[in-house]
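Numbering (this note's numbering), first residue to last: 107 to 396.
Honestly, the hints are just simulated from the structure, not real lab data.
Here the structure is a predicted model, which is why all the values come from computation and not from measurement.
Any given hint could turn out to be false.
As the list claims (entries may be wrong) - Derived DEER-like restraints, expressed as beta-carbon distance ranges:
| id | residue 1 | residue 2 | range |
| --- | --- | --- | --- |
| 1 | 221 | 380 | 25 to 31 Å |
| 2 | 320 | 353 | 36 to 42 Å |
| 3 | 250 | 290 | 17 to 23 Å |
| 4 | 375 | 300 | 39 to 45 Å |
| 5 | 283 | 309 | 25 to 31 Å |
| 6 | 158 | 283 | 38 to 44 Å |
| 7 | 109 | 382 | 33 to 39 Å |
| 8 | 221 | 384 | 27 to 33 Å |
| 9 | 127 | 313 | 46 to 52 Å |
| 10 | 364 | 264 | 37 to 43 Å |
Said to hold, decoys possible - Below are the BS3-like pairs computed for lysine-lysine, each with C-alpha atoms no more than 25 Å apart in a straight line:
| id | residue 1 | residue 2 |
| --- | --- | --- |
| 11 | 153 | 289 |
| 12 | 353 | 325 |
| 13 | 273 | 294 |
| 14 | 261 | 294 |
| 15 | 247 | 326 |
| 16 | 186 | 371 |
| 17 | 153 | 164 |
| 18 | 391 | 376 |
| 19 | 124 | 186 |
| 20 | 353 | 376 |
| 21 | 169 | 186 |
| 22 | 169 | 371 |
| 23 | 326 | 374 |
| 24 | 325 | 290 |
| 25 | 376 | 326 |
| 26 | 273 | 353 |
| 27 | 325 | 223 |
| 28 | 169 | 326 |
| 29 | 273 | 223 |
| 30 | 164 | 353 |
| 31 | 376 | 294 |
| 32 | 164 | 186 |
| 33 | 371 | 153 |
| 34 | 391 | 371 |
| 35 | 289 | 391 |
| 36 | 294 | 223 |
| 37 | 119 | 153 |
| 38 | 119 | 374 |
| 39 | 247 | 325 |
| 40 | 223 | 124 |
In this text, a Cβ means the ideal position worked out from N, Cα and C, and glycines have one as well.
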Amino acid sequence: MNLEEYFARTGYKGSLEKQDLETLTDIFQHHIRAVPFENLSIHCGEKITLELEHVYNKIVRRKRGGWCMENNQLLGWVLKCLGYDASFLGAYVFNPHQNAYASIMTHLLVKVVIDGKAYIVDGGFGVSYQMWQPMELMSGKDQPQAPGVFRFTEKNAIWYLEKMRRKQYIPNQNFSNSDLLEKKECRKVYMFSLEPRTVEDFRFQCTYLQTSPDSLFTKKSICTLQTTDGFRALIGWTLTETTYNYKENMDLVEFVTLEDEEVEKTLKEKFNITLDKKLVPINVKGVYTI
């Protein structure tokens, strides 16, 4: 494991001299545009493990992506190696279909402190809820970014993240009522406390999420990647490409349904992913939004 190999993977060629917000943002943006958020291992007969060496080998050497416990663990390791004050937190993800936060802590976050200010760095959420810049840990402050306006609010030592999106233009009206489309303009994302966590705190969740029939990740094969002007997502056989703010206060959302034989080609061309084993796409309706 070495930083040079990681930066070759993400394409970052900037300075590593300063542990400042500008450098952190640049490193972070290179990560989310090179490393997909994906759970494809579950749907091609591979086990997801949390050992850092396995995560590094999967993402850096095999040029795969991963979910939050992989992406953010690797990102945290990189930042610590560079001298940043980085630590892990755990979050409970909001389920819009149940209108409630999850009862178990399944989302791993990175907290970074720079010059006494705390920031949340989350490279493992994907789709339209993927932040593009570290977010200052400040309650009630709107933090506009390319994907939309993010905001933290704090109540009784619990922090809540929500996101306000723009209007959406969907050229293919066959998808205008798709369950993959977020219907609300303001959406809760997750809640968390500032209690420090370790990767060990996520062992059970890692197994549960890839084996339980109740898990989102067993119901959907997901691969998403941020681009310079939006993001793309392959969920089951549906490819979505979103362009942020293509017109004033309007996002362009384009849908295409793929045939079986197009899936692996699309993974290679759109996400730079080549799988070792055969993928079995799945998309159980009604349990995922972008």
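Now the hints, each set against the structure:
no.	hint	verdict
1	221 to 380: 25 to 31 Å	42 Å, violated
2	320 to 353: 36 to 42 Å	39 Å, holds
3	250 to 290: 17 to 23 Å	18 Å, holds
4	375 to 300: 39 to 45 Å	41 Å, holds
5	283 to 309: 25 to 31 Å	39 Å, violated
6	158 to 283: 38 to 44 Å	42 Å, holds
7	109 to 382: 33 to 39 Å	26 Å, violated
8	221 to 384: 27 to 33 Å	49 Å, violated
9	127 to 313: 46 to 52 Å	36 Å, violated
10	364 to 264: 37 to 43 Å	41 Å, holds
11	153 to 289	33 Å, violated
12	353 to 325	34 Å, violated
13	273 to 294	17 Å, holds
14	261 to 294	14 Å, holds
15	247 to 326	34 Å, violated
16	186 to 371	36 Å, violated
17	153 to 164	12 Å, holds
18	391 to 376	23 Å, holds
19	124 to 186	13 Å, holds
20	353 to 376	24 Å, holds
21	169 to 186	22 Å, holds
22	169 to 371	16 Å, holds
23	326 to 374	19 Å, holds
24	325 to 290	23 Å, holds
25	376 to 326	18 Å, holds
26	273 to 353	10 Å, holds
27	325 to 223	39 Å, violated
28	169 to 326	21 Å, holds
29	273 to 223	33 Å, violated
30	164 to 353	38 Å, violated
31	376 to 294	29 Å, violated
32	164 to 186	20 Å, holds
33	371 to 153	23 Å, holds
34	391 to 371	24 Å, holds
35	289 to 391	15 Å, holds
36	294 to 223	24 Å, holds
37	119 to 153	32 Å, violated
38	119 to 374	24 Å, holds
39	247 to 325	35 Å, violated
40	223 to 124	16 Å, holds
The earlier numbered hints that this structure contradicts are 1, 5, 7, 8, 9, 11, 12, 15, 16, 27, 29, 30, 31, 37 and 39.
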